[in-house]
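> Here is how the chains run, residue by residue.
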Amino acid sequence: MNLSFHQMADPMSQFEVKKLFELQIGGIDLSFTNAAFYMLLGVSLIIVFFGLAASRGKLIPSRSQSIAEIGYGFVANMVRSTAGEEGLKFFPFVFTLFFFVFFANMIGMVPYAFTTTSHIVVTGALALLVISIVIIYGLYKNGLKFFKLFAPSGAPFFIYLILVPIEVISFIARPVTLALRLFANMLAGHIMLKLFATFAAQLFAAALAGTALLGVVGVLAFAMGIAINALELLVAGLQAYIFAILTCVYLNDALHPSH
Amino acid sequence: MNFLSLAAPAANGEAAGGASFPPFDPWHFPSQLFWLAILFGILYLALSRFILPKLGGVIENREDTIADSLDEAARLNEQSKEAKQQQDLALAEARGKARDTAEKAREKVEAEIAAETAKVDAELGERLADAEARIQTLRNNAMSNVEQIATSATQAMLGRLGVTVTEADARQAVARNTQQEG
Chain A
10 MNLSFHQMAD PMSQFEVKKL FELQIGGIDL SFTNAAFYML LGVSLIIVFF GLAASRGKLI
70 PSRSQSIAEI GYGFVANMVR STAGEEGLKF FPFVFTLFFF VFFANMIGMV PYAFTTTSHI
130 VVTGALALLV ISIVIIYGLY KNGLKFFKLF APSGAPFFIY LILVPIEVIS FIARPVTLAL
190 RLFANMLAGH IMLKLFATFA AQLFAAALAG TALLGVVGVL AFAMGIAINA LELLVAGLQA
250 YIFAILTCVY LNDALHPSH
Chain B
-18 MNFLSLAAPA ANGEAAGGAS FPPFDPWHFP SQLFWLAILF GILYLALSRF ILPKLGGVIE
42 NREDTIADSL DEAARLNEQS KEAKQQQDLA LAEARGKARD TAEKAREKVE AEIAAETAKV
102 DAELGERLAD AEARIQTLRN NAMSNVEQIA TSATQAMLGR LGVTVTEADA RQAVARNTQQ
162 EG
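Sequences listed follow chains A and B, in order. If you count the first sequence from 1, position 123 lands on 132 in the numbering used here, and the numbers rise without skipping. If you count the second sequence from 1, position 45 lands on 26 in the numbering used here, and the numbers rise without skipping.
Check each hint, because a few of them may be wrong.
Stated by the list, open to error - Estimated spans, in silico, between C-beta atoms of each pair: (1) B:G38 <-> A:G163: 37 to 47 Å; (2) B:K62 <-> A:G152: 30 to 40 Å; (3) B:A55 <-> A:T186: 51 to 61 Å; (4) B:P11 <-> A:I251: 35 to 45 Å; (5) A:S64 <-> B:I47: 44 to 54 Å; (6) A:L204 <-> B:L14: 22 to 32 Å; (7) B:P11 <-> A:I144: 16 to 26 Å; (8) A:K67 <-> B:R76: 50 to 60 Å; (9) B:R43 <-> A:L97: 14 to 24 Å; (10) A:N86 <-> B:P11: 34 to 44 Å; (11) A:Y121 <-> B:L51: 47 to 57 Å; (12) A:K157 <-> B:A55: 42 to 52 Å; (13) B:L51 <-> A:L49: 36 to 46 Å; (14) B:I47 <-> A:E95: 23 to 33 Å.
Unchecked claim - When the alpha-carbon atoms are kept at most 25 Å apart in a straight line, the in silico SDA-like pairs for lysine to any residue are as follows: (15) A:K98 <-> A:I254; (16) B:K35 <-> A:L50; (17) A:K67 <-> B:L33; (18) A:K27 <-> A:K157; (19) A:K157 <-> A:L170; (20) A:K98 <-> B:L20; (21) A:K28 <-> B:L14; (22) A:K98 <-> B:R30; (23) A:K157 <-> A:S90; (24) B:K78 <-> B:Q68; (25) B:K35 <-> A:I254; (26) B:K85 <-> B:L72; (27) B:K35 <-> A:I69; (28) A:K203 <-> B:K35; (29) A:K28 <-> B:F21; (30) A:K67 <-> B:G37; (31) A:K98 <-> B:G22.
These are computed hints drawn from the structure, not numbers from a lab. Here the structure is a predicted model, which is why all the values come from computation and not from measurement. Each residue gets a CB set at the ideal place from its N, CA and C atoms; glycine is no exception.
Sequences are here, hints too, so could you generate the full structure?
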């Protein structure tokens, strides 16, 4: 009994990556894992959902088409308001990013599903992709003027001695915080969910075994689990939004580096 | 939880199982990156090449349709206003015409009445004149009869008295007396 409790209580097992199909290319392990499966599921759902809405494309939209169009308008407005009209050339990228993260987070809310965004490799790769685009596009469009980003005009000379290092550090911190924020939020949220759920289950089991008073605590833990579930739903949406809007803000820097 | 498993060899992390921290377990990093690159790439291509332009087109098409419909509605509204104006104009014209017709009819009737009245007046005047002429004749006749009677009466009265007068003298005397009275 102790053993089963231990297995149930381990909140880390939900993040374990398991191989579904072995795949080795050039000695590198590229196996199709449960993480890849849920990623594939999210991507497929996005393509099917938006693809159907786009291919039907009725003048008077159905409900699902309406929702897809709202998603389109939501991301388009987000890009336009933070990065301006020129930012709209990155609209497909931000759209892909937002809904990739959003679907991954939401799929993660389904019990027993794997949350792809709870892995730092994934969030880190996405953050590096964003910051690479910012740097490459910023240099391509503005040339060396891009580095004005680190030295906002209008400050006295000696201020720059402090200002430039701070700006450089904050720029370097961007991909790190972008990756860590999403990763840590999803990880911590799912650990909490798992903890409260297993806690409630254990307490109910104990109550059934005879210690009735523990059942009351179990009900409290269960209620807390529900509350955290609601909170995590909010966080799942919010983190996708934050990831996308920070991407827009950083892209805005690449488009207009001199603030 | 062994947060240092990132530094530890992959085999160790895998073998440790539950004790390791899966997100920092490096054996699956290449696989994760590989599948992420492929799937994210496919999603980006599908969205940017096919789905988003189409969806944007659908939205734009709807906005165009709505704008067109609004324009059409404005045009029809303008048209109906014009038609109303024209109708008002026609109505005013018809009213004016009706007034003219009524005026003309009234004038005609008045003229007829005047003509009829004049005719009747003339007729009446004629008849009046006739009557007056007849009265005059009758009076003249009566007056001459009266003179005759007075003359013969004078002659007769004077004859009774024994004075003979001629008819002409008697008539003269009567005429003198009646003229004095008159």
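> Does the structure keep K98 (chain A) and I254 (chain A) at a Cα separation of 25 Å or less?
holds, 15 Å
> Hey, K98 (chain A) versus R30 (chain B), does the alpha-carbon distance stay inside 25 Å?
Distance ~13 Å between K98 (chain A) and R30 (chain B) Cα, so the pair holds.
> Just to be careful, I want the Cα atoms of K203 (chain A) and K35 (chain B) compared with a cutoff of 25 Å; is the pair within it?
With Cα atoms ~41 Å apart, K203 (chain A) and K35 (chain B) exceed 25 Å; violated.
> Quick check on a hinted range of 22 to 32 Å for L204 (chain A) and L14 (chain B), using CB atoms only.
holds, 30 Å
> For R43 (chain B) and L97 (chain A), compare the CB-CB distance with the range 14 to 24 Å and indicate the outcome.
holds, 19 Å
> Holds or violated: the 34 to 44 Å window for the beta-carbon distance between N86 (chain A) and P11 (chain B)?
Holds: the Cβ-Cβ distance is about 38 Å, inside 34 to 44 Å.
> Can you confirm whether the C-alpha distance between K67 (chain A) and L33 (chain B) stays at or below 25 Å?
holds, 15 Å
> Take the C-beta atom of K157 (chain A) and the C-beta atom of A55 (chain B), compute their distance, and say whether it sits inside 42 to 52 Å.
This hint holds: roughly 49 Å between Cβ atoms.
> Is K27 (chain A) close enough to K157 (chain A), meaning Cα to Cα at most 25 Å?
Distance of about 46 Å is beyond 25 Å: violated.
> Please verify whether K78 (chain B) and Q68 (chain B) have alpha carbons no more than 25 Å apart.
holds, 15 Å
> CA of K28 (chain A) to CA of F21 (chain B), is that 25 Å or under?
holds, 20 Å
> For the pair supplied as a hint, K35 (chain B) and I254 (chain A), confirm whether the alpha-carbon distance does not exceed 25 Å.
Satisfied, since the Cα-Cα distance of roughly 24 Å is no more than 25 Å.
In this structure, the hints that do not hold are numbers 2, 4, 5, 18, 28, in rising order.
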